[in-house]
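Those sequence lines, one after another, are chains A and B.
Heads up, the first sequence stops at 577 in our numbering, and the numbers go up one at a time, no gaps.
Heads up, the second sequence stops at 223 in our numbering, and the numbers go up one at a time, no gaps.
Check each hint, because a few of them may be wrong.
[As the list claims (entries may be wrong)] In silico negatives: residues of chain A with every beta carbon more than 12 Å from chain B:
hint	residue
1	A118
2	D261
3	L316
4	Q340
5	R420
6	Y428
7	M458
[To be verified] As a list, the in silico DSS-like pairs of lysine-lysine whose alpha-carbon atoms are at most 27 Å apart:
hint	chain 1	residue 1	chain 2	residue 2
8	A	K444	B	K148
9	A	K398	A	K336
10	A	K179	A	K220
11	B	K148	B	K167
12	A	K267	A	K369
13	A	K475	B	K167
14	A	K373	A	K267
15	A	K84	A	K322
16	A	K177	A	K322
17	A	K444	B	K182
18	B	K182	A	K484
19	B	K182	A	K453
20	A	K336	A	K84
21	A	K84	A	K49
22	A	K398	A	K220
23	A	K453	B	K148
24	A	K453	A	K475
25	B	K148	A	K484
26	A	K327	A	K369
27	A	K313	B	K203
28	B	K167	B	K182
29	A	K369	A	K424
30	A	K475	B	K182
By construction, these hints were calculated from the structure, which means they are not laboratory data.
Even glycine gets a Cβ: it sits at the ideal position worked out from N, Cα and C.
Residues per chain, in single letters:
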Amino acid sequence: MAVATSYDHEQPIPGDSAAAGYDPNYVPDSVKSFVVHMYRHIREKNVYEIHQMYETSFQSISDRFFKDAPWPSVDSVAPYVDNDHVFCLLYREMWFRHLYARLSPTLKQRIDSWDNYCNLFQVVLHGVVNMQLPNQWLWDMVDEFVYQFQSFCQYRAKMKNKTEQEIALLRQFDQAWNVYGVLNFLQALVEKSTIIQILEQEKEGLEQFTATDGYDYSGGSNVLKVLGYFSMIGLLRVHCLLGDYHTGLKCLLPIDISQQGVYTSVIGSHITTIYHYGFANLMLRRYSEAIREFNKILLYIFKTKQFHQKSPQYEQILKKNEQMYALLAISLSLCPQVQLVEETVNLQLREKYGEKMMRMQRYDEEAFALYDELFSYACPKFITPSAPSYEEPLVNYNQDAYRLQLKLFLYEVKQQQLLSGVRTFLKVYSTISIGKLSTYMEVDEPTLRTILMTYKHKTHAVDSDGKITSNADIDFYIDDDMIHVVESKPAKRYGDYFMRQIVKLEGIMTDIDRIKLEDDSRVEILISHGIRSKREGGENHRGAGIQAGMSGIQDCQGRG
Amino acid sequence: MGREISNAPTNQKQQSSMAYTVEQLVAVNPYNPDILPDLENYVNEQVSSQTYSLNANLCLLRLYQFEPERMSTQIVARILIKALMATPAPDFSLCLFLIPERVTSRFRQFWDEVAKSRHILEVVPGFEQAIQEYAVHVLSLTYQKVPRSVLAEAVNIEGPSLDKFLDHHIANSGWVIEKNENKGQLIILPRNEFNHPELKKSTADGVPLDKIARIIPILG
């Protein structure tokens, strides 16, 4: 079992509770009760109770006793849970997650947390675990694992102010949060769980996984399978942090994001998946695909975020929501296909970024700066995975990875800006000769032909199936020396609109019929149509009811 | 993703046993510093046998990211050239995302040289052909009918070689020559949704079946 942390031997650092008189061995009653009950629920495989304690009790005890201090040490609670090895690993997992959330971990604490994940994952990989844990917890393990890795890389890259002790520790424990270790653990979980084969076989009805939300109802354990499943999303995330978008998307392939799945059973996992999927597609110039997915998830968050207000994930949900609106603004500015965006989402988007998007489509220096701003706000926290050279003059290089991705992204935007001149002219003409356009643009004909070909190249990306898709809102073809402009009009979604109105009208007709037949229920129907009538008396109500119905019908006709 | 084995006659051979092993390694054990030499050898094999593997090359670039002191600039240059040859696939950009700035800035001079000289063509077989294929691809997105002179410049061929080139595409790609008294030859390129917008399938207005099902009782 991992050694108890030695934070009480560290020098006091701001945020370190050792300085504040924290006693790691003091166990309040509520904690005693918490671990005893949690331990029992886990032994009894009572997933519902585990979830309640994990989500709610842990939070409320933290808020009451451990607002800015760690929970009691694992050694002090172990006696209450029979010194159970696995429970202690789980307790420490929560312990470190709480520490990272409320305080600043020291280097030693970071290393110890790594040790704990190693031990925990080894136990799971050896297949000796027979617990059932809530998906929320299993997702949090993978999510936190990747987060702590990212955090460590950022921390390690800031070499300038490192003390000699820290550097010595870093050199000594060079395996901690090593990129190979992180990737191999995630890969091992995917492989050992055989989750890819399970998902394949599920399509042919030979396996049950999604149907049970990953839970095992035949007396077994869901832990390895579900950790393996979430690890695919973990791999997508790590590869995005490294700038390898292609491989990241490959890792996600076994999960069909056009359907519900275990990934949607936990909102954090749903959002993380789509955020990284969308971002990867954005960097691969597949703007339409990114827009489609951002649109779906933003609509989903809009409808459901109220139900998560009390949850510990709420802040993160809101943050990712804002970031994805920024990414959507970028995608739409580079690929104006507004018809892909749903009404509600579009309204929110206009509110947040309407003005900026107008300026971004102007393709001047200011627009360039806006692309920079939005990208920097919304992008993942890219990392440099390699260990620093401890010999050279110590510098901070934690921004290097971000700067590279930003540079490549802005290069892409610059290309678009160069082509904006072409777009301006194409918008104005339906046909124009090469000769005339080259005069207007003040270039010679061969140069214009090159520019036009570049426009075609830039606006036509290769999608994940290897097919060519067009991002262009203005397109053209050339017949010898004549340019024919083709504008792809945003298709009005007539089908959708008429469907809704048909159903609505049917509802009103039914209500009107009811008014004629049932005098008593008149008032109810009036109120249901939003009419608060202060009038008393029979005939007026009837008239008003029919009027309500009629104006509803006129409404439909007027908007058609 | 990206163009796999190209049109060269070598693809008639069975995939070499080295390629087979490396592909397996990349699929099964990619996060492993020990396979770095195998991946480097594989890049050289791709160059000489005119084959290509995006996944193996990305795997190598990642390992270079993890251990920068083991990186070979020459190998990186070769990977980038092979990726360029896969255009219009975005392989070149994919590779750039993984290479630190200080490395690519060293290449700036190199690329300037490449733009000027044909020296590169001797270094990486199949490069010129790949670039020509890309040029033809963009032409077919852009033109219904393209003048001979424009085509000539795009593929960098003239005279009798160009005639041979045209004959090949007439026979194999559905090109048609139209003679124009004033301007010389016009090449008619095959119809697709990008140079013939009327061929574009409308994706906008399909209504899903379940929504129709809702109104069937109403209509009925």
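Open item on the list: When the structure is checked against the list of hints, which entries are broken? Sort them ascending.
Closed with: The structure breaks hints 2, 5, 6, 10, 12, 13, 14, 16, 17, 18, 22 and 30; every other hint is satisfied.
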